[in-house]
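Make a model of the complete structure from these sequences and hints.
Residue numbers (the numbering used here), protein chains in the order written: chain A, 392 to 899; chain B, 392 to 899.
Any given hint could be a false lead.
Covered, in the sense of this in silico footprint (three residues per stretch, anywhere, with C-beta under 8 Å from a C-beta of chain B), are these stretches of chain A [stated by the list, open to error]:
{"id": "1", "stretch": "648-661"}
{"id": "2", "stretch": "705-716"}
{"id": "3", "stretch": "723-729"}
{"id": "4", "stretch": "739-753"}
{"id": "5", "stretch": "790-800"}
{"id": "6", "stretch": "841-849"}
{"id": "7", "stretch": "865-877"}
Chain B stretches covered by chain A per the calculated footprint, using a threshold of three residues with CB under 8 Å from any CB of chain A [said to hold, decoys possible]:
{"id": "8", "stretch": "671-683"}
{"id": "9", "stretch": "707-713"}
None of these hints come from the bench; they were simulated from the model. Virtual Cβ for every residue (Gly too), placed ideally from N, Cα, C.
Protein chains: 2
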Amino acid sequence: MKHALLLTALLTAGLVRAQSDLTLKTRAYRQQHEQKLLDEYMGLLAIPNVVYDTAGIQKTAAYIANMLKRRGIDPQMLAGRTKGVPPAVYGEVRVPGATRTVVFYAHYDGQPVNSNQWADGLKPFEPVLYSSALDAGGKPIAAPRDGQAINPDWRIYGRSTSDDKAGVFAILAAYDALLQLKVKPTANLKFFFEGEEEAGSTHLNEILERHKEKLKSDLWIICDGPVHQTGKKQVLFGVRGDVNMEVKVYASKRPLHSGHYGNWAPNPAMMLAKLLASMKDDDGNVLIKGFYDDVTPLSDLEKQALAKIPPVDDQLRKELGFTKAEGGGKSLADLLMRPSLNINGFSSANVGKLAANVIPISATAALDLRLVLGNDAQRQVQKVIDHIVAQGYYVTQQESITDDERARYPKIARVVAKSGYNAQRTPMTLPIAQTVVKAVQSTVKDEIVLQPSLGGSLPLYLFDQILNTPTITVPIANHDNNQHAENENLRIQNLWDGLETYVALMRL
Amino acid sequence: MKHALLLTALLTAGLVRAQSDLTLKTRAYRQQHEQKLLDEYMGLLAIPNVVYDTAGIQKTAAYIANMLKRRGIDPQMLAGRTKGVPPAVYGEVRVPGATRTVVFYAHYDGQPVNSNQWADGLKPFEPVLYSSALDAGGKPIAAPRDGQAINPDWRIYGRSTSDDKAGVFAILAAYDALLQLKVKPTANLKFFFEGEEEAGSTHLNEILERHKEKLKSDLWIICDGPVHQTGKKQVLFGVRGDVNMEVKVYASKRPLHSGHYGNWAPNPAMMLAKLLASMKDDDGNVLIKGFYDDVTPLSDLEKQALAKIPPVDDQLRKELGFTKAEGGGKSLADLLMRPSLNINGFSSANVGKLAANVIPISATAALDLRLVLGNDAQRQVQKVIDHIVAQGYYVTQQESITDDERARYPKIARVVAKSGYNAQRTPMTLPIAQTVVKAVQSTVKDEIVLQPSLGGSLPLYLFDQILNTPTITVPIANHDNNQHAENENLRIQNLWDGLETYVALMRL
Chain A
392 MKHALLLTAL LTAGLVRAQS DLTLKTRAYR QQHEQKLLDE YMGLLAIPNV VYDTAGIQKT
452 AAYIANMLKR RGIDPQMLAG RTKGVPPAVY GEVRVPGATR TVVFYAHYDG QPVNSNQWAD
512 GLKPFEPVLY SSALDAGGKP IAAPRDGQAI NPDWRIYGRS TSDDKAGVFA ILAAYDALLQ
572 LKVKPTANLK FFFEGEEEAG STHLNEILER HKEKLKSDLW IICDGPVHQT GKKQVLFGVR
632 GDVNMEVKVY ASKRPLHSGH YGNWAPNPAM MLAKLLASMK DDDGNVLIKG FYDDVTPLSD
692 LEKQALAKIP PVDDQLRKEL GFTKAEGGGK SLADLLMRPS LNINGFSSAN VGKLAANVIP
752 ISATAALDLR LVLGNDAQRQ VQKVIDHIVA QGYYVTQQES ITDDERARYP KIARVVAKSG
812 YNAQRTPMTL PIAQTVVKAV QSTVKDEIVL QPSLGGSLPL YLFDQILNTP TITVPIANHD
872 NNQHAENENL RIQNLWDGLE TYVALMRL
Chain B
392 MKHALLLTAL LTAGLVRAQS DLTLKTRAYR QQHEQKLLDE YMGLLAIPNV VYDTAGIQKT
452 AAYIANMLKR RGIDPQMLAG RTKGVPPAVY GEVRVPGATR TVVFYAHYDG QPVNSNQWAD
512 GLKPFEPVLY SSALDAGGKP IAAPRDGQAI NPDWRIYGRS TSDDKAGVFA ILAAYDALLQ
572 LKVKPTANLK FFFEGEEEAG STHLNEILER HKEKLKSDLW IICDGPVHQT GKKQVLFGVR
632 GDVNMEVKVY ASKRPLHSGH YGNWAPNPAM MLAKLLASMK DDDGNVLIKG FYDDVTPLSD
692 LEKQALAKIP PVDDQLRKEL GFTKAEGGGK SLADLLMRPS LNINGFSSAN VGKLAANVIP
752 ISATAALDLR LVLGNDAQRQ VQKVIDHIVA QGYYVTQQES ITDDERARYP KIARVVAKSG
812 YNAQRTPMTL PIAQTVVKAV QSTVKDEIVL QPSLGGSLPL YLFDQILNTP TITVPIANHD
872 NNQHAENENL RIQNLWDGLE TYVALMRL
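Right, here's the structure in full:
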């Protein structure tokens with residue numbers, strides 16, 4: 392009964408469907424300052440921020456610190472115990488009389504880039520405007536001059552345009568808008584920009600532990616990920632966990648001529664193909680023993696929210712250009728509530744112009760396992776390792792294989808896993824969750840989408856475990872943003888919408 | 392009976408086992424001129440010769456033409472009908488009173504190189520001496536000064552050190568040795584150096600047809616490939632055919648975030664893994680329907696020669712560092728008499744430091760099919776295509792897939808094959824074959840190895856079809872030469888042995 396009432400409250404919040412005065416004021420402010428907003432954002436995008444590029448990460452952190460300063464906030468670099476890892480850029484705004492404290496989170500580091508894979512003329516760290524998405528025939532547009540209209544359907548191409556400099560920028564631009572509009576936040580605001588998210592947030596625990604007092608709050612709001620594929624704004628109550636693995640299969644010590652040895656020497660690419668093929672059935676169900684065990688069932692409320700998510704499968708299949716999805720007919724929304732195993736890439740010797748008639752010496756696959764509530768990252772990794780062993784492999788973590796190992800084992804695989812992290816879900820029944828939903832809904836006429844969990848991952852379990860504080864994710868990027876890949880982009884309107892969303896969230 | 396006698400003649404030729412005077416004279420000559428020989432060879436190796444590098448190919452051809460000139464031979468560039476393809480470098484020596492004409496073939500083009508894959512400090516076109524093989528702990532050696540001893544176990548590292556500039560050089564150095572020793576060849580000699588072998592000898596037919604008269608001869612002797620793995624010299628009476636294929640599997644039009652879409656969006660790397668895995672069983676037997684049909688059985692003589700080949704499987708397994716070969720226990724020598732399917736490489740998105748949490752858009756595999764007598768390249772390719780279709784794929788040759796195709800077919804693969812060529816075998820019963828065996832045997836005390844076919848491929852069927860002339864292959868490179876791959880190398884002693892072999896072959 393209690394659930395049903397709350398569900399009604401949550402899921403009908405959208406029935407108000409009037410845009411608030413604050414939203415309209417924010418829009419008018421933005422329309423007057425589009426050029427200035429874009430200039431500041433382009434400056435942020437031009438700084439290389441690949442998570443493993445120390446120099447670029449430092450520059451990006453310094454640029455964001457400066458953005459805080461320009462807004463009258465004293466920036467702090469929060470480090471953990473370990474030296475030499477990207478700091479979190481932090482700032483806070485105390486609001487007299489506020490009874491709540493909210494931390495706004497985004498991350499400023501980006502995924503690795505392989506420049507060769509980007510479309511002609513695009514460079515990951517030379518952000519450029521396009522008239523529309525590349526695959527809709529978008530063409531480059533010269534930077535608009537002052538006063539020139541900015542089309543909200545334009546896109547900015549570049550690494551982290553969506554993931555997640557958009558989050559950093561939307562949060563800081565929202566605070567700036569409040570300052571300019573002379574509207575006071577209703578809660579104490581804290582800004583926390585992480586610099587190591589794309590490497591698995593390996594040291595976030597240290598930072599949270601060391602700065603526990605400073606980071607005290609009632610809620611973390613996470614700005615990362617895309618809005619719903621229908622274009623509707625969404626509020627997400629959790630994330631999947633994630634852990635990356637690499638599997639490398641070894642064969643001959645030296646590459647062999649495929650004519651002189653083909654049919655006899657073991658082929659590591661074929662061995663890896665067979666190993667990978669053994670992991671999933673033709674419908675994409677994972678065949679690894681126990682892979683779907685440990686899953687915490689969804690609550691009734693979560694199930695009902697899930698059932699209310701607008702179906703997008705047909706639209707997406709068309710947009711993405713395929714007819715048969717994995718999952719044997721289950722919907723995307725349902726499938727994201729299961730743990731998954733993905734091949735992120737594989738490689739052995741060369742293809743294309745560099746292909747040669749050889750039998751390669753090794754073959755490597757990059758995998759990621761997404762985890763749902765109940766899964767444990769290390770337990771899930773162990774299931775994969777056990778499966779590889781069950782296929783007859785000797786499994787080692789060493790890069791170099793000894794002659795003794797080679798003589799002893801017919802099949803050898805190096806399997807390494809990063810530390811990874813578990814899933815997290817904030818109960819949809821929390822009162823503050825309802826407040827967030829109302830705030831986001833106040834910015835749009837369309838009913839917003841509520842999801843028990845994002846398909847993607849963020850280390851939100853840490854906020855729960857270390858700070859004992861709930862997290863709610865409110866994303867802003869367009870869904871077709873190519874995040875994590877070549878040709879990452881952001882639709883300008885999503886930045887403007889995100890600004891309105893975050894202004895509202897600073898008045899919780 | 393006739394076969395049995397000839398077999399005896401062929402297979403006991405080695406019983407003489409005395410090195411000829413000519414061999415000993417050649418050795419003494421070489422010992423006096425090692426530095427000069429090496430210098431000329433290093434000069435040849437330093438010229439880039441990747442088959443697709445037009446400028447490098449032209450320079451290499453010009454350098455070889457100059458080598459002919461230095462030996463008093465008028466060099467000619469033989470072209471076919473098609474413009475802009477690598478010419479064959481040709482020269483001839485008429486010998487008064489000779490009753491035979493022999494063409495000596497080698498190719499001067501090389502396989503593509505991926506410099507990143509070469510060992511530290513090695514560059515494909517900066518040939519360098521090593522104290523021994525890299526994986527035996529070899530270290531770089533400064534170029535020896537005049538008079539300094541050259542250790543025959545040293546190796547030269549660089550592209551085409553073995554495949555097949557070694558062939559070009561051994562032939563021309565042998566002719567030079569005859570000149571210096573004032574020993575007349577007994578046959579008219581023709582030199583033919585191809586420049587497009589590593590691209591499948593696509594235009595060799597045109598060259599042979601256009602210059603049919605000029606190329607008239609009794610025999611082509613092919614200098615390519617390695618000596619036997621025991622280190623013994625060998626004579627090969629045929630080659631496997633070869634045809635390269637590329638299979639590219641398509642999924643989403645754009646790369647997807649593996650968190651937001653993993654478990655639902657089709658994964659092309661997994662699709663390709665399953666497709667490749669379906670092609671061979673765990674013992675390496677090809678499962679494609681009819682793959683082993685069409686094979687012309689070995690003659691009794693060929694079977695007996697095969698049975699006499701020294702077993703090397705145990706030695707090789709140890710040397711190459713694996714315990715389980717493909718083929719369910721059959722010997723390497725036997726397996727090379729079967730058609731094969733090899734994965735030369737595969738690729739999808741990225742692994743290692745560039746790996747990202749994506750679902751890739753496509754996955755590509757490079758395959759080569761080796762063919763034996765009776766197979767037809769196009770028929771063999773069609774069997775693979777039929778197999779891919781039988782796995783539910785729509786197969787196209789187009790690189791770009793239309794929206795209509797994407798909407799219509801759940802599984803899409805682009806499959807392209809190069810033209811390739813068929814196998815060839817010269818009957819071991821030919822009298823001239825016996826003469827060649829005797830000549831090679833005259834250079835060593837060890838009994839030489841006779842093989843019905845090389846595992847590798849050369850377009851020898853063309854000499855048969857167009858010129859109606861038999862071919863016999865007499866290789867010189869060390870078997871552990873990494874040909875076609877990174878860290879290609881030649882053992883110096885193999886060059887010296889090759890010189891003696893080819894001097895003998897010019898006195899057939």
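(request) Could you tell me which of the hints above the structure violates, numbers in ascending order? (result) Of the numbered hints, all hold.
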